[in-house]
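Use these hints to put chain C onto chain E, whose structure you have.
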Amino acid sequence: MALRRGDQVLKRLSPRISLLCSRLLAPEQSLLDRESSHGFATTSGNWQGASGRDDAADFGYKKVSREEKTTLVGEVFKNVAPSYDLMNDLMSGGMHRLWKDRFVKKLHPFVGMQHLDVAGGTGDIAFRVLDAIREQEPKQEQAAWGPRSSVVVCDINPAMLEVGKKRAQERGLGEASGLQWVEGNAEKLPFEDASFDTYSIVFGIRNVTDIEAALREAHRVLKPGGRFLCMEFSQVRSPTLRALYDAYSFSVIPVLGDVVARDRASYQYLVESIRKFPSQKKFASMIAAAGFQEVTYENLVAGAVAIHSGFKL
Amino acid sequence: MVGSLSRAGKAPLWLTKDVLKTSEIARLINGTPRSADAQSFLVASCSGRTFAEAHEDPWDPRHLRRVHSSASSQARPDFSDAHGPEESAEPGARPAAGLGQGRDGLSYATHMPLTPLQTAAVAVGSAFGALRHPDRADLVAALGETTGLLAFRRMRERMQRDPEGRSILADRPRITAASVAHAWDLPPGTFGAAYAQFMGSRNFSADERPPVRFVDDPELAYVAVRSREVHDFWHVLFDCPTTVTGELALKMVEFVQTGMPMCALSVLGGPFRLPPQKRQLLLTHCAPWALKAGTRAADLMCLRYENHLEEDLEQLRRRWKILPSNPAPSRKKP
Numbered sequence: 001m002a003l004r005r006g007d008q009v010l011k012r013l014s015p016r017i018s019l020l021c022s023r024l025l026a027p028e029q030s031l032l033d034r035e036s037s038h039g040f041a042t043t044s045g046n047w048q049g050a051s052g053r054d055d056a057a058d059f060g061y062k063k064v065s066r067e068e069k070t071t072l073v074g075e076v077f078k079n080v081a082p083s084y085d086l087m088n089d090l091m092s093g094g095m096h097r098l099w100k101d102r103f104v105k106k107l108h109p110f111v112g113m114q115h116l117d118v119a120g121g122t123g124d125i126a127f128r129v130l131d132a133i134r135e136q137e138p139k140q141e142q143a144a145w146g147p148r149s150s151v152v153v154c155d156i157n158p159a160m161l162e163v164g165k166k167r168a169q170e171r172g173l174g175e176a177s178g179l180q181w182v183e184g185n186a187e188k189l190p191f192e193d194a195s196f197d198t199y200s201i202v203f204g205i206r207n208v209t210d211i212e213a214a215l216r217e218a219h220r221v222l223k224p225g226g227r228f229l230c231m232e233f234s235q236v237r238s239p240t241l242r243a244l245y246d247a248y249s250f251s252v253i254p255v256l257g258d259v260v261a262r263d264r265a266s267y268q269y270l271v272e273s274i275r276k277f278p279s280q281k282k283f284a285s286m287i288a289a290a291g292f293q294e295v296t297y298e299n300l301v302a303g304a305v306a307i308h309s310g311f312k313l
Numbered sequence: 001m002v003g004s005l006s007r008a009g010k011a012p013l014w015l016t017k018d019v020l021k022t023s024e025i026a027r028l029i030n031g032t033p034r035s036a037d038a039q040s041f042l043v044a045s046c047s048g049r050t051f052a053e054a055h056e057d058p059w060d061p062r063h064l065r066r067v068h069s070s071a072s073s074q075a076r077p078d079f080s081d082a083h084g085p086e087e088s089a090e091p092g093a094r095p096a097a098g099l100g101q102g103r104d105g106l107s108y109a110t111h112m113p114l115t116p117l118q119t120a121a122v123a124v125g126s127a128f129g130a131l132r133h134p135d136r137a138d139l140v141a142a143l144g145e146t147t148g149l150l151a152f153r154r155m156r157e158r159m160q161r162d163p164e165g166r167s168i169l170a171d172r173p174r175i176t177a178a179s180v181a182h183a184w185d186l187p188p189g190t191f192g193a194a195y196a197q198f199m200g201s202r203n204f205s206a207d208e209r210p211p212v213r214f215v216d217d218p219e220l221a222y223v224a225v226r227s228r229e230v231h232d233f234w235h236v237l238f239d240c241p242t243t244v245t246g247e248l249a250l251k252m253v254e255f256v257q258t259g260m261p262m263c264a265l266s267v268l269g270g271p272f273r274l275p276p277q278k279r280q281l282l283l284t285h286c287a288p289w290a291l292k293a294g295t296r297a298a299d300l301m302c303l304r305y306e307n308h309l310e311e312d313l314e315q316l317r318r319r320w321k322i323l324p325s326n327p328a329p330s331r332k333k334p
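Respectively, the protein sequence lines represent chains E and C. Just so we're aligned, residue 1 is where the first sequence starts under full-length UniProt numbering, counting upward by one. Just so we're aligned, residue 1 is where the second sequence starts under full-length UniProt numbering, counting upward by one.
It should be emphasised that the hints constitute simulated quantities derived from the structure, not laboratory data. Glycine included, C-beta positions come from ideal geometry on N, C-alpha and C. Do not rely on the hints blindly, as some may be mistaken.
To be verified - Straight-line alpha carbon distances no greater than 16 Å define the calculated EDC-like cross-link-like pairs of lysine to aspartate or glutamate that follow: (1) E:K100 - E:D55; (2) E:K63 - C:D37; (3) E:K188 - E:E170; (4) E:K106 - E:D131; (5) E:K62 - C:D37; (6) E:K276 - E:D210.
Stated by the list, open to error - Quick look at which bits of chain E chain C covers, simulated, 3 or more residues with Cβ under 8 Å: (7) 65-72; (8) 85-92; (9) 257-265.
So here's chain E without its partners, still in its complex pose (with noise of 0.2 Å):
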């Protein structure tokens, strides 16, 4: 009760905090890095630019034609690729594990499913996938006999592909483990019909230039009865969170990539694009646009995580 009285206290006097913290936290701040920290407010939650028009994407806050956005984002992952894992640990504290350690035990993997798992280039869902599915593998009899279990790693990225392969012959899951590695566009799978149980996208939705057309063929491929779930960064609600946040995002995340990844401009991207990313009732809706039912979604960390659950009934 008290925190809801002091967020609308704190509502009014979020601008006012947003500056006053991305002063304090941040003074050498560029002016471009400042324009977009005070953008964010205003920002945030718009969707429209992204898809709305007919050859405009939204490249963080750079405006950029759709063919020019797959090929962006296509450099980015490209530059980030080999230093990635270690970036991802460094900006959320190796908090992503258990983020993706939750959102695997959501999935709830059963032996025999047949897993599809886009953007997830380096494999950290696939590979928690298939130990959950080998945990649970002794316990049930049915093994024998049932469809082999299977996960399909598709990202259209070679070089995150590359990195994922080499993590799983490290790992030695070969051939024989159901383990596919796949280089394809989310907006245009290259896969048939209700051909898997589940379908997951794990901070990849973001980079996709057609949020709608990646929805509708998860749809498509997706069996009935299946099951779509999507982790992404998201709004956090709280004005005073949502400042604190902002200013670590904008003054420390590009820093680090200019140090660790050598390469500021997609780190600058990256927390731009998490910024232009729909709220998650608005993706909620998109997901439902779909023709996904039962839509729902969860925060973590205050809302700056959710992951978003839908069933194609």
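For chain C alone, coordinates are given in the frame of chain E:
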């Protein structure tokens, strides 16, 4: 964390930045992207980018070589902003000095100002990064700069108290391939000849150190650069090989001499990548030697090594009270 490791056949980023920039950007801009925003992103992204990193084992002995980059045989690359503005490409030019002019409120050419939060983030990030990718000399350098402010201040005070140190602080000489080129012509037995043999046999170049970025005071930034550039001289004086064990042993000496937390962290984190016998060797054999050698030696930051290249190596070791390392007892005993 051994700062001099690098993948064989691949020169460090800061040397080939320009070479990569032009060809990569030309390739990308001639392709699909047309809008100014897209192009500016690609330019920004490429300028920080390195070539695809081979996923090889960074502790493989083949990677213990830095390659004499092709860039130093071309026109001096963009890294030259770390040299003084008087530097020119023609031979016989004045030796490089200082860190270059800063612009737009930067203290020097390669300066990147950070807030306290960013400094802490870079320190933690580069520590974990260097642990995972020990061949990344720039991460070790970043860790050293963000954690070593107190150590740099102490080094500067010591240099100011010593006459030779004062002259170094006044002139701010840089150790570049050009400034030590005469070492290759010196007679055997001299410090310069030993240095030339050390660098030549490993195909090292004096230009391959990462530029300093995160130190705000230009004089302290110079102290940081100096401590990085004299590292190869210390290899020669202490007779430490560039194997992982040798580098860690020299890092221990460096810690005793300079007090930089990065050296302590390297020594604490580095050995975990070694096999157990080597780790044991480090502890029982190298650590006592490093402590003794480091405390006994003269103040190594106050020595102008460039001026002593013609002198006899053993004489210098006696004068500066340097105890060279003795190799570990060989396993193959008769």
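Outcome, coverage hint (the segment 65-72 of chain E, chain C; C-beta under 8 Å; three residues): holds (count 5)
Given hint E:E170 paired with E:K188 - CA-CA distance at most 16 Å: violated (31 Å)
Per-stretch coverage check for the segment 257-265 of chain E, three Cβ contacts closer than 8 Å to chain C: holds (count 7)
Pairwise hint evaluation, E:D55 against E:K100, where the allowed Cα distance is 16 Å at most: violated (34 Å)
Distance restraint between E:K106 and E:D131, which requires alpha-carbon spacing of 16 Å or less: Roughly 14 Å separates the two Cα atoms, so the pair holds.
Agreement of E:K63 and C:D37 with the hint, judged by alpha carbon distance not exceeding 16 Å: OK: E:K63 and C:D37 at ~7 Å, within 16 Å.
Restraint status (C-alpha distance of E:K276 to E:D210 at most 16 Å): holds (14 Å)
Check of the segment 85-92 of chain E against chain C for coverage (Cβ-Cβ below 8 Å, three residues minimum): holds (count 3)
Straight-line alpha-carbon gap E:K62 to C:D37, limit 16 Å: The hint holds at about 6 Å.
In this structure, the hints that do not hold are numbers 1 and 3, in rising order.
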